[in-house]
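Undergrad: Input sequences plus hints: build the corresponding full structure.
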Amino acid sequence: MSGRGDGELTALGRAWAVLRPRATRSQLLTCVLCLLLGFAVAAQVKSKRADTTFAAARQDELVGILSDVTERSDRLRGDIRDLEDTKARLERDGQGQAALEEADRRATTYGILAGTLPATGPGIELFIDDPGTRVRANVLLDTVEELRDAGAEVIQVNDVRAGVDSYFADAQGQAGIDMDGRRLRPPYRLLVIGDPHTLATALNIPGGVMKTLRNSGANGLITQREKVAIRAVRS
Amino acid sequence: MIPLIGLVIGVGLGLVLQPTVPLWLEPYLPIAIVAALDAMFGGLRAKLDGIFDDRVFVVSFLGNTIVAALIVFLGDQLGVGSQLSTGVVVVLGIRIFSNVAAIRRKLFRA
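From first to last, the protein sequence lines are chains A and B.
So in my numbering, the last spot in the first sequence is 235, and the numbers never skip.
So in my numbering, the last spot in the second sequence is 1110, and the numbers never skip.
Hints may be right or wrong, so weigh each one.
[To be verified] A few chain B residues that face chain A, going by a derived Cβ cut-off under 10 Å, partial list only:
1) P1019
2) D1054
3) S1085
4) V1088
5) R1104
Hint data in this document are derived by calculation from the structure and do not stem from the laboratory.
From a predicted model like this one, the values you see are computed outputs, not experimental measurements.
Glycine residues also receive a C-beta, built at the ideal position from the N, C-alpha and C atoms.
TA: See below:
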């Protein structure tokens, strides 16, 4: 700046001459206004610094930004839908396989229990020879019920599969026992699938099936087997 | 001098009190501040010229701020908010520069 040394002092002196503090009303008024201005500047600077980008943006800018964001959000939502469809399809296939196997397994179990499927497993064979043909239906029924109580899962008497609604009836006037409408002739051979030891023990309890058979003049022979094959099925 | 002290006190108060600008005021406050600055420099120039009148100064201060805010508000309503705001800032900047130049010439004879 030209004439700095002399001019600066004079400038300051000039400035001081003009701006010397005077307690006049105009100065006080101006002071108040300047105070307001300073306050507003500080507030605005602070607000600007603390502002996230959009609070002071104009309306049209905000509208533009909003439409961009909405468009992108729509596109992403479409992608999400596609991916979820694919995932559901894959899950269904995977679960379908598992559900199919589960259903097969359950069908087999129910079939075995209901008597519509052959079965093999550990168990016993009970051979009842009845030379006097004195074994009655109720004895066979007791035997079957005792076996069931001892945990027998599958029972076959001669060649008739025992089911939940099996019944024994004495054959009218003839030798033998009717089971489910089919004639059983002695000797009676029972194939039972279950825990061999438990089944044998149950049959041998004092006053149990074996005793009853002996009372009827029949002999019972229990053979524990590791593998009992039951092939008779109910229709 | 007292107004300058007032300005400094105002800035200090703002820094200490940490006020939050109300939301309805936010778009207009910057423009209003620039308009007030313009009035301030105009008053300083008038003072140095010896033609300072406090009534003129107060009216110009308040008038500038209100008119600037009104113009911005009108621009927002019309849909030319950003353009009008830019225009107002440009004009105020020109006036500030011219006032500062006059002050410089007065003070430094340069």
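Undergrad: Confirm or reject each hint.
TA: Status of each hint after checking the structure:
1. P1019: Given a least distance of 5 Å, the restraint on P1019/B holds.
2. D1054: Cβ of D1054/B sits 3 Å from chain A, so the hint holds.
3. S1085: Result: holds, 8 Å to nearest chain A Cβ.
4. V1088: 13 Å, violated
5. R1104: 9 Å, holds
In terms of the numbered hints stated before, the structure departs from hint 4 and from no other.
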